[in-house]
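Note that numbering that gives the first Met the number 0 has the sequence shown beginning at 0, numbered continuously upward.
If you're looking for bench data, these hints aren't it; they were derived computationally from the structure. Here a beta-carbon is modelled for each residue, glycine too, at the ideal position from N, C-alpha and C.
Label-pair distances were calculated between CB atoms; the ranges are:
1. SER137 to ARG219: 22 to 32 angstroms
2. LEU395 to THR105: 36 to 46 angstroms
3. THR259 to GLY12: 40 to 50 angstroms
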Amino acid sequence: MFLSRGITRTKLGPDFQRVWASVTVSSLGDGMRFVALPLLAAQLTSDPRQVAFVYVAEQLPLLLFGLLSGAIADRFDRRRILWVVDAVRAVIVGVLAVAVAAEAMTVLLLAGTGFLLGLGQTLYNGAWSGIVPALVASPELTRANARLQSGSLITDTLLGTPLGALLFGVGATLPFAVDAVSFAAAAVLALMLSGDFRPRQQATPNPWRMLLDDTPQGVRWLWQQPLLRRLCLTSGITNCVGGGLIAILVLYARQTLGLTSLGFALLVASFAIGGVAGAMATPRLSARFGTPRVLRLAAAVTAVTAVAAGAASSGLIAGMCIAVYGAANLAWSVTAVSLRQALVPAHLLGRVGMAYQMVIGGGITLGAALAGLEAGSFGLRAPFYTGGALLLAASLVSMRPAIRVRGPAGR
Numbered sequence: 000m001f002l003s004r005g006i007t008r009t010k011l012g013p014d015f016q017r018v019w020a021s022v023t024v025s026s027l028g029d030g031m032r033f034v035a036l037p038l039l040a041a042q043l044t045s046d047p048r049q050v051a052f053v054y055v056a057e058q059l060p061l062l063l064f065g066l067l068s069g070a071i072a073d074r075f076d077r078r079r080i081l082w083v084v085d086a087v088r089a090v091i092v093g094v095l096a097v098a099v100a101a102e103a104m105t106v107l108l109l110a111g112t113g114f115l116l117g118l119g120q121t122l123y124n125g126a127w128s129g130i131v132p133a134l135v136a137s138p139e140l141t142r143a144n145a146r147l148q149s150g151s152l153i154t155d156t157l158l159g160t161p162l163g164a165l166l167f168g169v170g171a172t173l174p175f176a177v178d179a180v181s182f183a184a185a186a187v188l189a190l191m192l193s194g195d196f197r198p199r200q201q202a203t204p205n206p207w208r209m210l211l212d213d214t215p216q217g218v219r220w221l222w223q224q225p226l227l228r229r230l231c232l233t234s235g236i237t238n239c240v241g242g243g244l245i246a247i248l249v250l251y252a253r254q255t256l257g258l259t260s261l262g263f264a265l266l267v268a269s270f271a272i273g274g275v276a277g278a279m280a281t282p283r284l285s286a287r288f289g290t291p292r293v294l295r296l297a298a299a300v301t302a303v304t305a306v307a308a309g310a311a312s313s314g315l316i317a318g319m320c321i322a323v324y325g326a327a328n329l330a331w332s333v334t335a336v337s338l339r340q341a342l343v344p345a346h347l348l349g350r351v352g353m354a355y356q357m358v359i360g361g362g363i364t365l366g367a368a369l370a371g372l373e374a375g376s377f378g379l380r381a382p383f384y385t386g387g388a389l390l391l392a393a394s395l396v397s398m399r400p401a402i403r404v405r406g407p408a409g410r
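Work out the full structure, taking the sequences as your base and the hints as a guide.
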C-alpha cells in the first residue's frame, strides 16, 4: 500500500496552527477575489475567450517560473519567502482596489494584475512545499493537509465567494480591499513561525550561482519515480479539466443557467461544501481502504459529475453535481499531496513540488485556454462534456495496478 492503514492521533503543534491560521485568513480574501475577478472581467467583456484570457494570465507564471521557484525554496529560508511574498501581494491587490475605484480597469490591465499575483503564488508554492513536512510527522501528513485544505475551502469558497459577490454588488472595490488586508495578516502570521526553515544543504559562496544547476534536479528526480510520475500525469489531466471549467463557469452560470452574481457565488460555494466533506473524510477513507482505492474512486466520480453538471437544467442541480465533484476532487488532492510529501526527500521538496505543480499549472492553463475556445465555438456546455471524457481517461490511468513503494509512506 502507499500509506499505512493506521492513524496515530497526535497534536499538530502551535506552529502548524499558525500556518493554518495564515492559510485560512488569506483564503478569505482569495475567495472574494476569486469571484470578483471574473465578475469584473464579465463587466468589461462578454467574450468567453477574453474572460478565459484573464484566468490564463494568472496561471502562466507557474509555467514560466515554477522550476526556478522550487530551486529558490530549496536554497533560502522558506518562512521568509512566505511572508515577503504575502506582503508584496498585499500591495499589488491594494493597487488593484484603487484602480477599480478609479474606474481605470481594462481586460489587459486585469490580466497583467492576475499575472503578478500568479507570480507571487508560484514563489509562495515553492516555499510552501517544504513547510508542512517540516512541522508535521509523516504519519500525520494526511490529517494536516486535510485540515489545511478544509480550512482554506471554508474561508475561501464557502464564505469568501458569496461574501465577495455581495460586496462586489455594493462596490466593486470592496472585495479587493479585503483581500489586501488578508494578505497582510497572512504575512504577519508567517513571520511569527518559530524555528529554522532553511534547507539543510552544503554551504556555497554564492547560492544564487547554484540556482541554474539546482533547477532541473526536481524534474529529473520526479521522472525517475514511476509512481509519482503517473500520479503527476493524472493530476495534470484532472487540473486541466478543473481549470477549464473554472474559466468559463461565470458565463455558464449567467448565460446558460440564468443565475445572478450571487447565484454564481453560491454555485462556487457548493464546490466548497462538498470539498470540505471530502477533505475531512479522506484520512479515514485512506486508513480504511488504502490510498490506491481512494485515488481511483475519486477520479471516476469527478468524471461522472463533470458531465452531469454540464447537462444540468437548473442552478440547484448543477450545484449538487458540483458539490459531489468537489468532494471527490479534494479527496484526490489531499491524498496525492500527502503521498508526494511523504516520498520526496526534504532537501528536494521545493524543486520536486514545483516540477509537479508545473504539470498541474500547465494543465490548468491549457484547460482554461481550450475551454474558452471550445465554449466560444460549441457553446458553454461543451467543456463539461469534454472534461468528463478526459477525467474518465485519468481514472483509467489511476486504476492500473498499484505500484509498491518503499520509504516513509510505504510498507
